[in-house]
Amino acid sequence: MTDIDNNNERKRALALHRTMLSIRRFEEAAEIAQRDGEIPGTLHLSIGQEAVAAGVCSALEPADLITSTHRGHGHSIAKGASLSAMMAELFGRVTGTCKGKGGSMHIADFSAGMLGANGVVGGGLGIAVGAAQGLRVRGSEAVTACFFGDGAVNRGPFLESLNWAATFRLPVLFVCEDNGYAAFTETARLTAGAGPAARAESLGIQSMVVDGNDVLAVADAAAAMVERLRREGGPAFIHAQTYRLRGHTIADQGAYRDAERHSRQELRDPILLMRQRLTDWNLSQDVQRLQVEVETEIAAALVAAREAVFPEPASIYAEVQDIGAPA
Amino acid sequence: MTTQTVLEAVRDGLAEEMRRDATVWAVGEDLHIGGLYGQYRGLISEFGPDRIVASPISEAMIVSAGLGGALAGTRPVVEMRIADFALSAIDELVNQIAKARFMFGGQARVPVVVRLPQGMVTGSAAQHSQSLESWYVHVPGLVVLAPSTAADCKGLLKSAIRCEDPVIFIEPRAIWQNTGEIPEGDHCVPIGEARLVRKGGDVTVVTWSTMASVAHKAVEACVETGTDVELLDLRSLWPWDTGAVFASVKKTGRLLVVHEAVQVCGLGAEIVATVVENVHGDLCRPPRRLGAPRAPVPFSPPLEAAYRVSQQNIEQAIREMVAP
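Protein chains in written order, with my numbering: chain D, 1 to 327; chain P, 1 to 324.
Only chain P is shown next, with the shape it has when bound in the complex (with noise of 0.2 Å):
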């Protein structure tokens, strides 16, 4: 075991494939230099510019450089900087990639990783903060992934870049210098697999990317006043682990499903319906959703506060749920 923060391991998971493999390439703004936050540092150095391809801010080329370099090849990693930024290559994502193998009559395959930091950091109002992972998950032909520890970052970058599918990588920017354990080795975590953060029998807390941090301290507040919370880090939203999920409601008969993104329409609103549609008859309360407010993500910090799904939102959910 090492020690690591979430951008060492990503960047030495991303680094130990392209050794692994010839064909793995990135792309981005910035690559050059390290990237946006340092998560390809020295890596232009090691595999030349061929490998680490330093792009102009174009988006919708950029995510087509990953597309078409997949149809020739290749295996490319695909920066977007800021998951917000995936917007303006939306086409490129939804319209070509996701299609491409389907609509050719599986012709082509398309393994391409679609790197996204996602998510609320202070000050970075309504274009650089939003959560859009119900958005890819809607679509078919994606596979998309939301780690938050250092080690499923690193183990789960790996499995997509040898993942045949189209993957959307979403990041936990906010807590990229969160330290975490890293297995020795060639660390790859099972795509579709949720980690259980914490067995418990009363309620069972269901999240993923940088609110499985928050919920973590809630869920561990809960825990010192009595109340004994399961925690699971779904880290993989298509495919989601249906399985886990299901043994823990029927364990505890109570969901509580919290994410960062707009509440309506986020994925809770599916992890509700799917486990009200399969194990309805072991819920004894109705199941909860935790998320942001219908608005855009507001600047002031008061209204940031407001807006965020904190800590202290999370514990008084699981009380509520467990209240007589």
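If we strip away everything but chain D, and leave its shape as in the complex, we get (with noise of 0.2 Å):
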């Protein structure tokens, strides 16, 4: 590597980093405020997993669109959503992402090409294709990036939109965002065949399968992948193995989970490896500035929230919609 490679390629792991803490920050501060009973209704949280966030979508640009799952906050975060719009979405406050009418499960920031979580599993995946198909219309050369999770690839909306984009090489990249769990079952238990990868190969689409807990590796697989979708056409698919290490819902304690493969995927936490990582190429002294740096924008974000005021009541019917909206 050349000095000025070098100096690229430790700008980029640093920004890969600080994406990685912002979405665990975010989400550990959420969690906390929403025992302190603050923020209403549950979370799905996707500490452990923001590694797939990341790298995924530092290939993206900002005109590129996303969609998201219920378990959404990463990657709205990595997409470049404000931070703290959305802590004020999930204190339910007017100044919110959605004016507090969707909270943590509808996030979504148009401005910034993020296209909604959403509280159905496998939700997205149509919706990023139906996107991908209205890009064509207009002329647009953007790609269109779908996250969903293991417990999606059962669902029949997943088949659709494969071999929707197929038929169609709409350029969509669609990440499997593996975390091992579909709610509350192991998904190996209940998912047939050779996994993700394959039923999408199955179909023709080109296939990666990539540590989900290593965001270099996130970032050039997507690198790639995104390239080759602007390149010629799509669709592409990734296959990104992570580990859920909170549970379904902030309320779940995880007793059906495996104790021994827990402890060993602590261990493979994307920020810890990513840290030590930073710590050999000597730039320990960086990571220290970033978490500062973000700890300062949650500590704002927070605030903000706590400051910000409730919807009225009256606005229940506004946004409902235009022609025989109620009185």
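Derived by calculation from the structure, the hints in this document are not laboratory data. Just to be clear, a hint being listed does not mean it is correct.
Covered stretches of chain P, going by a simulated chain D footprint (3 or more residues, C-beta under 8 Å) [as the list claims (entries may be wrong)]:
#1 23–31
#2 43–56
#3 68–79
#4 83–96
#5 102–109
#6 140–151
Some chain P residues near chain D, calculated using beta-carbon distances under 7 Å [to be verified]:
#7 Ala60
#8 Met61
#9 Ser64
#10 Ala65
#11 Glu164
#12 Asp165
#13 Ile191
#14 Trp238
#15 Pro239
Note that beta-carbon positions come from the ideal geometry of N, C-alpha and C, so glycine has one too.
Relying on the hints, combine the two individually framed chains into one complex.
So this is what it looks like as structure tokens:
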């Protein structure tokens, strides 16, 4: 590596690490706020899965689009959504990304190309493919990335959307973020065949399996796939194997989990792995600086969320529909 | 004025909107050969395969294409082939399309038209004949239209395509070949206004879609025997024209709602309840509903005949309502 390459590589690694830290600290702060009763409802946390969101979104441009899942905080942050607007949304405040109408499961930031988390498993797959079809009508060159979990591959929309994208050669990057569990069940127990990538390959979609806890590996895979989508059209498929360090929801203690596997995976925390790598590259000082920066941003987001007002009850009727809206 | 079939009118309506706005496109099965009924005939040669998208049989993905396409800044027209098949995409319609604007706090607009050719045609039986408009009216976020004439089908389709809200556009598949006069020029029908088919003073009949054409014949027969019936074709089911219905009931004091759908929890129940809540003092008779029995649509001709709301059923109900 030349010096410049080295610098670029370091900058990229630090940026990826920073994104993962933002996601982790955002979710840890939200977890505490939920337990303290400041955030209503439950949360689906992606703690342990940050490398997938950070790695994939590092390959996207602002004009590119993503769809997400019920576990969507990480994807939103990685695509550039505002931390303070997201936190305010979790708090149910009018300054939230969705004016307090959506909450965690419907986080969206269209200004960042983030077309929404989704409360339905597999709900984002078809939307991503449809968005790609719409972009084609508009003559846009943008690509669409679609995050979904390992549970979604057993739902019908998985087949419908992959077949459609392949048939029409739409530039969609399918990202199966495999955290090992479909809600409270180990996915492997109830999933036939050789895995998600094999299903995609059976439809002629070029696929890769990557270590979803290695952010550089995810970023490299995504960059290669996105570059190919822009050059040749699509779709493409990444199976990112990661692990959910928290429960399905915030209330879930994970009693069904294999304890040995869990302990092993705790040592493969993607942030720990990346921090070790950055330390090996003599970048400990940069890591500490990033931690302070992120901490400051999260603290500010929390303060802003707490200070923001709740929406007016009358806003229930706003944005339902223009024609035939209730009086 | 030109005379066209319903089918020709809606084909021209879509083509006009696609010429007017390059972000309008259509997606559904067999559209490359004009769709199941020919309502897209010839459009692919004018607009090409990127705007007349012939899809696989993938209802969930067809509806998702509409939603995703709308979120990406276009105005998709989604063809469901037969209304019953939309049930394979009910999550996409109810959980996604109807709610996207609200749950994302107004960031998203979903200007999608979902076309549902609906209703009984001879021998189509239980899974190709249902009328489920009241389901869609129940779902916040959706506009629901169900016109019956060639002019209204064209004019409301054009308005639906220009509408910023998602529209469920129910088409009267049993009467595609009915003809009607189409006004010249850019003919748009406003959403939310009933069509006064016939003015009368004795009894108000409210109906829509295919039943409007059946009810029209029944009303003419009753008029011949001296009953002065007022007939309203609602056209727009959400929002529906409460003003026109209330005004008519205030005049006649009698209300009969006729629909092809199962009577139980059909839209007739909502209309009657709304009338009773608002203008009960003007009613001189209990309002009535005519709908299908609470059974799946049967196949065998005698069963089918017994199941249908017929012209005779409507005539009889009208006569009973004006009997002393």
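Here is what the structure says about each hint:
Only residues whose C-beta sits within less than 8 Å of a C-beta in chain D count toward coverage, and the segment 23–31 of chain P has 3 of them, enough to reach three; the restraint holds. Counting residues of the segment 43–56 of chain P whose beta carbon lies closer than 8 Å to any beta carbon of chain D gives 5, which meets the minimum of three for the stated coverage. Closer than 8 Å: that is the beta-carbon criterion, and the segment 68–79 of chain P has 8 residues meeting it against chain D, so the requirement of 3 holds. With 4 residues carrying a beta carbon less than 8 Å from a beta carbon of chain D, the segment 83–96 of chain P meets the three-residue requirement, and the given coverage holds.
Counting residues of the segment 102–109 of chain P whose CB falls under 8 Å from any CB of chain D gives 7; the rule of at least 3 is met. Counting residues of the segment 140–151 of chain P whose CB lies closer than 8 Å to any CB of chain D gives 4, which reaches the minimum of 3, so the coverage claim holds. Hint status for Ala60 (chain P) relative to chain D: holds, with the closest Cβ pair at about 5 Å, below 7 Å. For Met61 (chain P), the interface hint holds, since its Cβ comes within 7 Å of a Cβ in chain D; the closest pair sits about 4 Å apart.
The interface hint given for Ser64 (chain P) is met, as the beta carbon of that residue sits about 3 Å from the closest beta carbon of chain D, less than 7 Å. The beta carbon of Ala65 (chain P) comes within 4 Å of a beta carbon in chain D, closer than 7 Å, and the hint placing it at the interface holds. Interface hint at Glu164 (chain P): satisfied, since its Cβ lies 6 Å from the closest Cβ of chain D, which is below the 7 Å cut-off. At about 4 Å, the closest approach between the beta carbon of Asp165 (chain P) and any beta carbon in chain D falls short of 7 Å, and the interface hint on this residue holds.
Interface hint status for Ile191 (chain P): upheld, as the beta-carbon distance to the closest one in chain D is roughly 5 Å, under 7 Å. Taking 7 Å as the C-beta contact cut-off toward chain D, the hint placing Trp238 (chain P) at the interface holds, the least distance being around 5 Å. Using the Cβ-Cβ criterion of 7 Å, the hint placing Pro239 (chain P) at the interface with chain D is satisfied: the shortest such distance is roughly 3 Å.
Against the hints set out earlier in the document, no violation occurs for any number.
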